[in-house]
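Asker: Sequence:
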Amino acid sequence: MALNIEALTTELISLPRKKQLEIARFLLFLDNQSLNSDDVNTAWEKEITDRVHAVDAGTAIGVNYGKAMRDIEKRFAS
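If you read the sequence shown in the numbering used here, its first letter stands for residue 1199, the second for the next number, and so on.
If you're looking for bench data, these hints aren't it; they were derived computationally from the structure. For each residue, glycine too, the CB sits at the ideal point set by N, CA and C. Fair warning: there could be bad hints in the mix.
Unchecked claim - Within a straight-line C-alpha distance of at most 20 Å, the following computed DMTMM-like cross-link-like pairs (lysine to aspartate or glutamate) qualify:
#1 K1217 - D1236
#2 K1244 - D1254
#3 K1217 - E1204
#4 K1272 - E1220
#5 K1216 - D1254
#6 K1216 - D1269
#7 K1217 - D1254
What the hints assert, rightly or not - The calculated label-pair distances, taken between Cβ atoms and stated as ranges, are:
#8 I1203 - K1244: 34 to 42 Å
#9 E1245 - N1202: 38 to 46 Å
#10 L1210 - K1244: 30 to 38 Å
#11 L1206 - A1255: 27 to 35 Å
#12 I1203 - T1257: 22 to 30 Å
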C-alpha cells in the first residue's frame, strides 16, 4: 500500500493534540526499538549512576513532583 505522505500529514495535524502526542510517543517507541539495546541499557545505567552520585554529593536539584506534573499537563493540554 503506497502512502501519500502529504495526505497522511494533513490528517495527522487535524487530530486533537492528545492524539498527536500518542502517535508521536508511539513513533519514538518504534525508533527506540531499532537502537542497539545494549547501547541503550549502558546509557541508562550511566545516567542513573550519575544521578545517584549527584544526590549523594548534594548537587542534585530536586523538583516538586506535583508541580512538575501540573506543568507537564498544562504544557501538553489540548
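Asker: None of the hints should be skipped; say for each whether it holds.
Answerer: Now for the hints, and whether the structure bears them out:
| no. | hint | verdict |
| --- | --- | --- |
| 1 | K1217 - D1236 | 31 Å, violated |
| 2 | K1244 - D1254 | 15 Å, holds |
| 3 | K1217 - E1204 | 18 Å, holds |
| 4 | K1272 - E1220 | 16 Å, holds |
| 5 | K1216 - D1254 | 38 Å, violated |
| 6 | K1216 - D1269 | 16 Å, holds |
| 7 | K1217 - D1254 | 40 Å, violated |
| 8 | I1203 - K1244: 34 to 42 Å | 37 Å, holds |
| 9 | E1245 - N1202: 38 to 46 Å | 40 Å, holds |
| 10 | L1210 - K1244: 30 to 38 Å | 35 Å, holds |
| 11 | L1206 - A1255: 27 to 35 Å | 49 Å, violated |
| 12 | I1203 - T1257: 22 to 30 Å | 46 Å, violated |
Going down the numbered hints, you'll see the structure goes against 1, 5, 7, 11, 12, while the others check out.
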